[in-house]
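Student: Generate coordinates for the entire structure from the input sequences, incorporating the hints supplied.
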Amino acid sequence: MSTTAKVVSESFKPALIIPWVTIGIIAYFCLPWLALEYGLTDATFDEFVDALAWRKNGATIVVPFFFLMFLIAPRLVRSGIQCGWLYTCLSAFFILATFAYFITENLSMGLGTAVILLAFSALFAIGIAEIGFQRGDRFIAGSVIFVILLVCVFIFFPIWTIFQTLLYNSDGSFAPFQFYQIVTAFGVGRVILNTLLLAMSVGAATTLFGLIFALYSTRATSPLRYVIRVFYILPIITPPFVVGMALILLFGRAGMINDGLMFLFGPEGILLQGAFTRSGYIYGFWGIFLAQTLSLTPIAYMVLNGMLATINPAMEEAALTMRAGRWETLRDVTLPLLRPGIANAFLLCMISSAADFGNPLVLGGDYDVLSTEIYFSIAGAQLDFAKASALGVLLLVLSLSVFVIQKKWVGQKSYVTVTGVQTAGNVIPLPGRLQKILSAFVLVWLLLVGILYFSIFLGGFVKQWGADYTLTIAHHKELWLGGFASGAWPSFINSLIFAFIAAPITALIGILIAYIISRKKFFGKGIIDFGTVLIFAIPGTVTGVAYILAFNTPPVELTGTAAILIITMAIRAMPVGIRGGMSALSQISESLEEASVLQRAGSLKTIRSVLIPLIRSTIVSSTAYSFIRSMTTVSAVIFLATAGTNVATTYILSRVESGDTGIAVAYGSILILTMLLFTLAVEVITGRSRVEKQVKTI
Amino acid sequence: MKPGETNITITLSKVFKRFDEVTALEDINVVFEAGTLTTLLGPSGCGKTTLLRIVSGLETVSGGEILFGNENVTDLSATRRDVGMVFQSYALFPHMTVEQNVGYGLGVLKTPQEKIKEQVKVVLDMVNLAGYQARYPDELSGGQQQRVAVARALILEPKVLLFDEPLSNIDSKLRRSMREEIRHLQKSTGITSIYVTHDQSEALAVSDEVVVMKDGRILQKGPPRSLYHRPESAFVANFIGESNVVEALLVNGTDGNRVELGGIELALPDSMHIPAKPGMVKLSLRPEVIHIEAKSDDKDPDCLAGIVTESAYMGPVIEYSVKTAIGDLFTRGPAYETQHLKGEQVRVRVRPDEIIVIPASSE
Ligand SMILES: Nc1ncnc2c1ncn2[C@@H]1O[C@H](COP(=O)(O)OP(=O)(O)O)[C@@H](O)[C@H]1O
Ligand SMILES: [Mg+2]
Chain R
8 MSTTAKVVSE SFKPALIIPW VTIGIIAYFC LPWLALEYGL TDATFDEFVD
58 ALAWRKNGAT IVVPFFFLMF LIAPRLVRSG IQCGWLYTCL SAFFILATFA
108 YFITENLSMG LGTAVILLAF SALFAIGIAE IGFQRGDRFI AGSVIFVILL
158 VCVFIFFPIW TIFQTLLYNS DGSFAPFQFY QIVTAFGVGR VILNTLLLAM
208 SVGAATTLFG LIFALYSTRA TSPLRYVIRV FYILPIITPP FVVGMALILL
258 FGRAGMINDG LMFLFGPEGI LLQGAFTRSG YIYGFWGIFL AQTLSLTPIA
308 YMVLNGMLAT INPAMEEAAL TMRAGRWETL RDVTLPLLRP GIANAFLLCM
358 ISSAADFGNP LVLGGDYDVL STEIYFSIAG AQLDFAKASA LGVLLLVLSL
408 SVFVIQKKWV GQKSYVTVTG VQTAGNVIPL PGRLQKILSA FVLVWLLLVG
458 ILYFSIFLGG FVKQWGADYT LTIAHHKELW LGGFASGAWP SFINSLIFAF
508 IAAPITALIG ILIAYIISRK KFFGKGIIDF GTVLIFAIPG TVTGVAYILA
558 FNTPPVELTG TAAILIITMA IRAMPVGIRG GMSALSQISE SLEEASVLQR
608 AGSLKTIRSV LIPLIRSTIV SSTAYSFIRS MTTVSAVIFL ATAGTNVATT
658 YILSRVESGD TGIAVAYGSI LILTMLLFTL AVEVITGRSR VEKQVKTI
Chain X
75 MKPGETNITI TLSKVFKRFD EVTALEDINV VFEAGTLTTL LGPSGCGKTT
125 LLRIVSGLET VSGGEILFGN ENVTDLSATR RDVGMVFQSY ALFPHMTVEQ
175 NVGYGLGVLK TPQEKIKEQV KVVLDMVNLA GYQARYPDEL SGGQQQRVAV
225 ARALILEPKV LLFDEPLSNI DSKLRRSMRE EIRHLQKSTG ITSIYVTHDQ
275 SEALAVSDEV VVMKDGRILQ KGPPRSLYHR PESAFVANFI GESNVVEALL
325 VNGTDGNRVE LGGIELALPD SMHIPAKPGM VKLSLRPEVI HIEAKSDDKD
375 PDCLAGIVTE SAYMGPVIEY SVKTAIGDLF TRGPAYETQH LKGEQVRVRV
425 RPDEIIVIPA SSE
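In order, the protein sequence lines correspond to chains R and X. Per my numbering, the first sequence runs over residues 8 to 705. Per my numbering, the second sequence runs over residues 75 to 437.
To be clear, the hints were calculated from the coordinates, so they are not data collected in a lab. Treat the hints loosely; a few may be bogus.
[As the list claims (entries may be wrong)] Simulated pairs of lysine-lysine, BS3-like, Cα-Cα distance not exceeding 25 angstroms:
id, chain 1, residue 1, chain 2, residue 2
1, R, Lys415, R, Lys528
2, X, Lys233, R, Lys612
3, X, Lys191, R, Lys612
4, X, Lys191, X, Lys233
5, R, Lys612, X, Lys184
6, X, Lys397, X, Lys373
7, R, Lys528, X, Lys88
Tutor: Dropping the structure here:
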């Protein structure tokens, strides 16, 4: 503890613990102590009653007594500090004992146990606050404990189970060389090489193109530059594999381009008969490369555009006044200043490429990369968890090391880089000839993107792409008009509900984490810092494997439930909230909070009355983007979704795999459209409020 | 809020503060007398803000104790310390009106709305901002924002008032009147106040006592006059007012003390306090004790020979830099005299009765 342990808070009242004690006791009597076989919503009343603590095991009767001890404790001790110690020890003991009980008995915790443990964690926080942690600030102490628990249960523990799977055989004996045996048993070198080669190529290509677009949108004089703004919205609303699907429509075996080439050069073509046969060239490296480059260039663009905006135009003007031409200025001043941004964009896109799962899945062909290999080792009948873990570790290490390099390189900024700041005017225009070349390039690119999206929408309305281009609404009919229990509806509704629950939770927790990281200092903060790094760096497929391994067995058994999907979505979307919170808080001077504290306000009041009004729009936008992200995520949820908890993206992918491309793109196009409308609605609603403009001037 | 009611003494003993590697404060022992305004003066980075924040409770100490009156508040959080603070950036809540800003703390204490309105009005009157209740901070000038910040700090009638460079964001014309107002408010409320500044003239003008700091340590504490006339170190002599610090030989003769410098001898008045033993000492010569005269043929044993190296007309005065045997001396001459030009040979006369001998032990 950084602060001295001597604070006696005069405001301590035993009444503070009553809500938590009440919640705990209610949970004890009314919520299942043990996990229900078929989940809470599907259990019968008898099953439910049977799972209650007092029915299950007489020994659990100590729980309410534990709670009662908290009520009695203040009367047994002389000072607040002693009481704090008592609370801390009691609750810590109870939490540890509960875990030990469930682990040794090999039982799964029910919702009631979770609530009881939460109540005890709150009491623990009250206890350590009383001892002096966070200078007696219970809200902050509670938040810190909560975040640490969250990180331990949903990040560290699942990752640890991956390692555990590798260290122990399936029969439980210690097998230190298992990892080595697994990765040498098949061509893992090739898979790693494939992943790296792809990631580097995509990183380089996206950075180059992102740079072109960034320069173009800030420095070109042509009106085309305004169109580039769509880059802000497209990658957000497009599920990651949809670009891959669109490429299949265009370049696939039965794609438009193949058809066209057949028409010209095929065996019965009108030119050079027999010079061309149908080919699956799009499947493999070039297909994934193209898909990822198309979908990740916007990210590179946003990073570099943000960087360009921070370059003071005066520096470029200075170069110009020293008789440097516009070319020289660009080469000798602008680009060197952009160097950190370039490195950042490259590394960020590299991580995203290695973590991408959807595009390699639909376009991979024989080109196997880590993320798809992981999936294939447990999808279907194989169920080789050890292999999936081994590959997962490799992917995690790869992405973590790139992330750490990136964080070192650009320091704290890595949190805020992707927010994309608009540039002010008054910058040096591009050299004339360069602008012409770039205009052509941008035009071709935008045209390609336009055709891609158009083909997705068209694909949903033709009978059989490649064979029969008759327009039809059959696909959409099957999806949307078969009643709410069939077609797309169950998965669509699941997606909406899960994302709707996950979004506000993840946004608030993300912002809370940002607040703790940026504003608080305490012993043990390293845990939260490291957890945050993992949240940012862990690829979705690794999360998927880890969650299957971690939450499929006691003491926490969640697979097959809606809860695990909601939790996964929340964890996957958490970077949105953290990033948003970081950049919002970095604009608010800490002295505002200090001024509030000096006006006798506690931290809860300060957050409520000072911080939240100032970051309201960040909360709204983080929630909105978390929602969208949860709707479009695929890599982790594909491991966890079951027949009953299918979501939109997993449903679409399953239709792709069974060859129903028409259905898949029809659904995909509606998903994109929904997200687009939602995004526009959010933009309109939030707008730029008066308050936010004021914050900028602080 | 009447004088004397809230008076308490603030005592810091053996306080030190480390930030990871940096030691921001070292062995601070100081008493801020009840009802006085004390300024913390020192160059940027010397630890003034840190000291102020430690008193407020916003920063914890790494060691040592803080007493408010007889109460040990070292481990009390800022919320419970009962201090008011005016931040360098004012830290007004941008989403609240002046009334909401000033009344915020009363709201926290669950004061009824009408009562808040009433009290806000009283305090706004005190800072000459009557009628500004409904404005937002961004609709106010810098000086008005500053007054709101002062009003907010005052409204809870704190035991201690803290100011962190409150005038640094105000243009220089307004600064003079603002500092008078702050001084007036402090006197009329009698709240023990600590005021941070790096501007020595501001410090001399507003304070009962000045604490001079350097590199996380307190060098000297005293009323403005004593700091000016009896600096205990070359640093203080240089920092408070202007000063030429020169080396000289202190001789304790039968007829009293004298100093030898650059070949001349100056007898020091018997009444002068001499905090050093005979031998080589440092002297501080204020510009106002150095006079330059046109060179003439008759030799004056009390004068140094010098050459004007800089000569700048400043309106009411002319500023000179003169090269002499004891080093470059900075001084001023009245503008109504003929200006000595650069390169001119001059005589430099030092008035012995206002020479300051710097204690031997100082840096
Ligand atoms: N929060 C902090 N973390 C690390 N170092 C700090 C922090 N606050 C102040 N310091 C360091 O402590 C020293 C004193 O700073 P400060 O009190 O702000 O000086 P002043 O207000 O006199 O300019 C400086 O070296 C500064 O860098
Ligand atoms: Mg300062």
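Student: Taking the hints in turn, state whether each one holds.
Tutor: Evaluation of the provided hints:
no. : hint                : result
1   : R:Lys415 - R:Lys528 : holds, 21 angstroms
2   : X:Lys233 - R:Lys612 : holds, 23 angstroms
3   : X:Lys191 - R:Lys612 : holds, 21 angstroms
4   : X:Lys191 - X:Lys233 : holds, 22 angstroms
5   : R:Lys612 - X:Lys184 : holds, 12 angstroms
6   : X:Lys397 - X:Lys373 : holds, 18 angstroms
7   : R:Lys528 - X:Lys88  : holds, 24 angstroms
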